[in-house]
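> From first to last, the protein sequence lines stand for chains A and B. The first sequence: position 371 = 371 (our numbering), numbered continuously. The second sequence: position 161 = 1082 (our numbering), numbered continuously.
Hints were generated in silico from the structure; no laboratory data involved. Be aware that one or more of the hints could be misleading.
[Unchecked claim] Per label pair, the in silico range of CB-to-CB distance:
no., chain 1, residue 1, chain 2, residue 2, range
1, A, N142, B, A1100, 18 to 28 Å
2, A, D688, B, A1101, 49 to 59 Å
3, B, H1127, A, N115, 26 to 36 Å
Quantities reported herein were computed from a predicted structural model and do not represent experimental measurements. Beta carbons are placed, not taken as given, at the ideal position from N, Cα and C, and that holds for glycine.
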Amino acid sequence: MLKSKTFLKKTRAGGVMKIVREHYLRDDIGCGAAGCTACCGAHEGPALEPQPQDPASSLCPQPHYLLPDTNVLLHQIDVLEDPAIRNVIVLQTVLQEVRNRSAPVYKRIRDVANNQEKHFYTFTNEHHRETYVEQEQGENANDRNDRAIRVAAKWYNEHLKKMSADNQLQVIFITNDRKNKEKAVEEGIPAFTCEEYVKSLTANPELIDRLACLSEEGNEIESGKIIFSEHLPLSKLQQGIKSGTYLQGTFRASRENYLEATVWIHGDSEENKEIILQGLKHLNRAIHEDIVAVELLPKSQWVAPSSVVLHDEGQNEDDVEKEEEREQMSRRHLFTPADKRIPRIRIETRQASTLEGRRIIVAIDGWPRNSRYPNGHFVKNLGDVGEKETETEVLLLEHDVPHQPFSQAVLSFLPKMPWGITEKDMKNREDLRHLCICSVDPPGCTDIDDALHCRELENGNLEVGVHIADVSHFIRPGNALDQESARRGTTVYLCEKRIDMVPELLSSNLCSLKCDVDRLAFSCIWEMNHSAEILKTKFTKSVINSKASLTYAEAQLRIDSANMRDDITTSLRGLNKLAKILKKKRIEKGALTLSSPEVRFHMDSETHDPIDLQTKELRETNSMVEEFMLLANISVAKKIHEEFSEHALLRKHPAPPPSNYEILVKAARSRNLEIKTDTAKSLAESLDQAESPTFPYLNTLLRILATRCMMQAVYFCSGMDNDFHHYGLASPIYTHFTSPIRRYADVIVHRLLAVAIGADCTYPELTDKHKLADICKNLNYRHKMAQYAQRASVAFHTQLFFKSKGRVSEEAYILFVRKNAIVVLIPKYGLEGTVFFEEKDKPNPRLIYDDEIPSLKIEDTVFHVFDKVKVKIMLDSSNLQHQKIRMSLVEPQIPGISISPDDISNMNLNGPEKKKMKLEK
Amino acid sequence: MAGLELLSDQGYRVDGRRAGELRKIQARMGVFAQADGSAYIEQGNTKALAVVYGPHEIRGSRARALPDRALVNCQYSSATFSTGERKRRPHGDRKSCEMGLQLRQTFEAAILTQLHPRSQIDIYVQVLQADGGTYAACVNAATLAVLDAGIPMRDFVCACSAGFVDGTALADLSHVEEAAGGPQLALALLPASGQIALLEMDARLHEDHLEQVLEAAAQAAQDVHILLDRVVRQHVREASILLGD
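Working from the sequences, and respecting the hints, build out all of it.
Next comes the structure, spelled out in structure tokens:
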């Protein structure tokens, strides 16, 4: 088997070191073509088709395999992923280079290679006796790899000829490197550039659009004006970062001003600072979420955020000129992304007419130095703008929410129906079916995670039980169902749709703790005295039979009613009493009660259009359920941390840095209130005291502002961190245990707890803290994205609502004051919006902005934070891409600025002419 | 840059081997005439030399003598030039003490020590080049040296290391694979009976996987046995030719 060995010598940075590695060359590596007799090796996995029936290429009519080089793979992955492209040989040399250069592309190519339909074959050429190439004297690594690829291509062609005399099969080498191609042709290998090949596929013209347009060197010199300075080479950057001249960080474009961005510097908390960048030149082609290196300007040039809201209108003069030029070529177009933080992208397409007014996906290929916008190529068409399905699809894609239907592999792990509880299930389980358990949830809820009970014991103490759906019983570690739910991380609730984390059979049936059926549960049972002190805690897997599924309102009615005396009602009353004590205790410890405006849409049952908006009501029973869930989570967190000090999955909420509170403190001061922010407790207390008799909504507004100051709560693995504190809940330790149907974190916690009480066995990944940390990272990301998606969905439905509603005037409160605009909140709709005071085609009003008090003076009217105003809301659909809610001031009246409630003449909203607010700094 | 891919999707390791394959093994017996027994082994780039003296009278303190069996004394050392970075390794540092102890345990289990009461057997092993699996190479070299010295043993002792990457057990780890930080297991086996003379593992490995790794190591040790057996037979054949039979 082992043929020969050679030695590779390598040097590594930091002292020259000789490294000797063995490199075995084999002669048992197959060529991958099915039915090839020469290399009798049995091929595993997908192989190449014996007679590829590829789309006819005018360049090479006979059947052929493709052999792309590294750059083609890196840049044209979109083309290669197309179902039309099949029978591709990926060399190990190429794959390794791709792996080193781009992890995402590497992952994509691996996915493609694992797809049986695509017939991709990975050829381990570096270990094949006849295709191994040694680096020659004076040859650099790149040239060597290019040569290795050519040698492999040549070997393939000769090898395939051997298969049978009349074989027409060919391997076609695809490269975009001119020199490489010439050399290949010299050696007798049929070679084309990617463009040539794709264009020759006459049956698939749409592929051409998906070609990445790479700037050719010649092109760059000819169109003279260079806008951006060159990026520094990587080696220089690394040097600079090491020596401290450059700082490395994540680039975050501003939503409000396209000429401004911040860079979050990586590193220790001390250095964890934000750097502001201003101006196109300084941004130098960075795109949102890029990792960048920045150099600080001299202190004299430091600036503050401009507080100006500025959108890219794009067409400064020389740009317009270019556009016209492009018009004639008629295939080049500008694409405007849905996310404002991403610049517009130039694309080249032949289907412009069909794509107009559609949502499409575009990939960025590069950003030449002389171009105002990056170049890209078309990938996929999603549907019409404004269509509900399309828009939902867009917002799911935008927030990277996995929303495809569950695959067969996943569904195969579901229990077979009809399902019943068997003897085996009862092992390690307590039978709690006799208990009077009920669930309390919002109306229309089908995935019931939790149920409660409370009863008096003989010794006068109370027994309180929280019963959580036993999802981990159905989702066994490591199978496809588990992997899929781990990937999804959370169920995403959109206004009209729910994207489930687990298939519906589990989420709405077998796991859901519906009333009057036997269900498996994980129970946390406390013995408490009447002052809600926990005397004993017990965790057990159980079988329950819920006696009632109530809504919050129904439960409230039962508690309040005078004549109901049944078991469920007594149980609820007991719970409610305890919950009140628990809440009081929690608040005494310094837990925060914050507020954010939440709305719920009433949907038309047929068209699914929103017909009414309603802010969510809060009842005593809401907080009752919440209180016990918190208690269960805390108890479980303690237990699993006790048992698994190194790999418990916990949730923490870091205390925000004091600077975060500045807005809140300043805003409160303008109303002569003082907010203390040194500890959570003092914050909670001062928020409680911040009341104004004349202004009852003020307190809510302050709480909304306080919410904005908070940090994100995150999951983490206890072995990887030592600060466990949950700031908002004022608890030293916390986790998520109570919603396993909709959160994957809870599934892991269930598994940990099950092992801790000996009800289930452990598995390798569970006790691997690095794997757990990876899971946490994914969960945090998915949760953040789910939140954003939910907000986006609300925003979209608000638009639909106002579209049907027309224009309305509502009362609003000012949340923030900016240099040229105010941000207002409309309590009735829970809607936030910006009112601009400068318009493109009108004389600019006199604006005086004061940063200290936060106030804005317009002509003679002064706006402070929390001022009450009246605004008019309407839908601005003048720009197809970005329909948006637009607000304008009605009261107080400022001549020339505000509009009268029924004045519509100066608002030509649906007109063809684009009218947007153009602002100059 | 991404870390090293220890096992490709196609099932090849960094150096081109498949998961269960050993590195190339070459060995010679009787390399030194002065010693009672000696052997030299190469397992890939790991090279080790073993020398055996004895059984002879106890040297030094007589009190160490055992009334019912022979004392096995093992010493391990590694050459300054054995690794990429030249490094002085003084005698008696922690690592070589540990290795010496492990070798001693291994060979006490294999050598029929009760045949030589109140005497001593010295095994000296030196690693000339280290590229992963030093313990295994030492054991294999020492086995050959003990055989060369003509000291009766129950069986060969064959050793091999194994690791665990992405759900697959890898046999005979090279230095690159060891340095990646996964779990690694060293196994010394008496191949005829399948008895384990020594089993040692660093790092954590879930018990579910242990069997799989152990099996891979045992299979590899069996493969080593076939190769060592061939070396011994070859050596005996050459020796008998020299004796003129």
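> Which hint numbers does the structure go against, in order from smallest to largest?
No hint contradicted; all consistent.
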